[in-house]
Amino acid sequence: NAGVTQTPKFQVLKTGQSMTLQCAQDMNHNSMYWYRQDPGMGLRLIYYSASEGTTDKGEVPNGYNVSRLNKREFSLRLESAAPSQTSVYFCASNPQTGLSNQPQHFGDGTRLSIL
Amino acid sequence: AQSVTQLGSHVSVSEGALVLLRCNYSSSVPPYLFWYVQYPNQGLQLLLKYTTGATLVKGINGFEAEFKKSETSFHLTKPSAHMSDAAEYFCAVTPGNTGKLIFGQGTTLQVKP
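Chains D and F supply the protein sequences, listed in that same order.
Numbering follows my numbering, in which position 71 of the first sequence is assigned residue number 71; successive positions increment by one, without gaps.
In short: position in the second sequence from 1, add 1000, done, that's my numbering.
Think of the hints as simulated: they come from the structure by calculation, not from any bench.
The beta-carbon is built from N, C-alpha and C at its ideal position, and this holds for glycine as well.
One or more hints might be untrue.
Below, computed lysine to any residue pairings styled on SDA-like, alpha-carbon distance capped at 20 Å [claimed, not checked]: (1) D:K9 with F:Q1042; (2) F:K1069 with F:S1080; (3) F:K1058 with F:T1072; (4) F:K1049 with D:K57; (5) D:K9 with F:T1055; (6) F:K1049 with D:H105; (7) F:K1069 with D:Q96; (8) F:K1049 with D:D56; (9) F:K1068 with F:M1083; (10) D:K9 with F:P1040; (11) D:K9 with F:G1043; (12) D:K57 with F:Q1002; (13) F:K1049 with D:K9; (14) D:K9 with F:Q1045; (15) F:K1058 with D:K9; (16) F:K1049 with D:P95; (17) F:K1068 with D:N101; (18) F:K1058 with D:N101; (19) D:K57 with F:S1003; (20) F:K1049 with D:G42; (21) D:K9 with F:N1041.
Far from chain F, by Cβ distances over 10 Å, these chain D residues were calculated [claimed, not checked]: (22) Q22; (23) S31; (24) G40; (25) R44; (26) N65; (27) A82; (28) N101; (29) L112.
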């Protein structure tokens, strides 16, 4: 009963390095989301994918790219990491597309530090 | 723009006391409302949700929340706090016909023995 799985759990990068955060869900959900969590700011949406083959920008997309590889997997890429991207990143999924009264299911997060 | 405001970034209560975490939202259309809890070094877990119907919603671990449209509020309560309730709590809204969640800033609940 894995739910949403994120890898890695922890990572330290140097400024300018690139990295891909992986997310996979085994619940056959349609929608997937990437958030970042910073102290005092709650969770902010970076990118989302309402269905396989589609991606859209959220509130804070600058410096990130995403790929919805298939229905299960949704990856987040930092092309040139900056200290401002130090954060905890959460992936989430939702069974529905568009209007949704269903809750999102969250992974355990990736804690990313950029020096 | 839609927004969610949680009043008080830190709330401290004694074990056995009433827990009240406040949440106000702005939305131009009827929203779906959620409360999530986050324990240290973990992801978010759903406590409860309001979609339609009864405005008093019961969730897990003895928590409940009441949707008050006239006050645009969705405050979370629990009659008697337990040490295990210490965590961070997030109110979130899905406005209109999108699946996106807008989160409040979070409230850290401390429970004192």
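Going down the list of hints, with the structure as the test:
no.: 1; hint: D:K9 with F:Q1042; result: holds, 11 Å
no.: 2; hint: F:K1069 with F:S1080; result: violated, 26 Å
no.: 3; hint: F:K1058 with F:T1072; result: holds, 18 Å
no.: 4; hint: F:K1049 with D:K57; result: violated, 25 Å
no.: 5; hint: D:K9 with F:T1055; result: violated, 38 Å
no.: 6; hint: F:K1049 with D:H105; result: holds, 13 Å
no.: 7; hint: F:K1069 with D:Q96; result: violated, 25 Å
no.: 8; hint: F:K1049 with D:D56; result: violated, 25 Å
no.: 9; hint: F:K1068 with F:M1083; result: violated, 29 Å
no.: 10; hint: D:K9 with F:P1040; result: holds, 14 Å
no.: 11; hint: D:K9 with F:G1043; result: holds, 11 Å
no.: 12; hint: D:K57 with F:Q1002; result: holds, 16 Å
no.: 13; hint: F:K1049 with D:K9; result: violated, 28 Å
no.: 14; hint: D:K9 with F:Q1045; result: holds, 18 Å
no.: 15; hint: F:K1058 with D:K9; result: violated, 33 Å
no.: 16; hint: F:K1049 with D:P95; result: holds, 16 Å
no.: 17; hint: F:K1068 with D:N101; result: holds, 18 Å
no.: 18; hint: F:K1058 with D:N101; result: holds, 16 Å
no.: 19; hint: D:K57 with F:S1003; result: holds, 18 Å
no.: 20; hint: F:K1049 with D:G42; result: holds, 18 Å
no.: 21; hint: D:K9 with F:N1041; result: holds, 10 Å
no.: 22; hint: Q22; result: holds, 15 Å
no.: 23; hint: S31; result: violated, 5 Å
no.: 24; hint: G40; result: violated, 6 Å
no.: 25; hint: R44; result: violated, 7 Å
no.: 26; hint: N65; result: holds, 19 Å
no.: 27; hint: A82; result: holds, 23 Å
no.: 28; hint: N101; result: violated, 4 Å
no.: 29; hint: L112; result: holds, 14 Å
Of the hints listed earlier, those the structure fails to meet are numbers 2, 4, 5, 7, 8, 9, 13, 15, 23, 24, 25, 28, in rising order.
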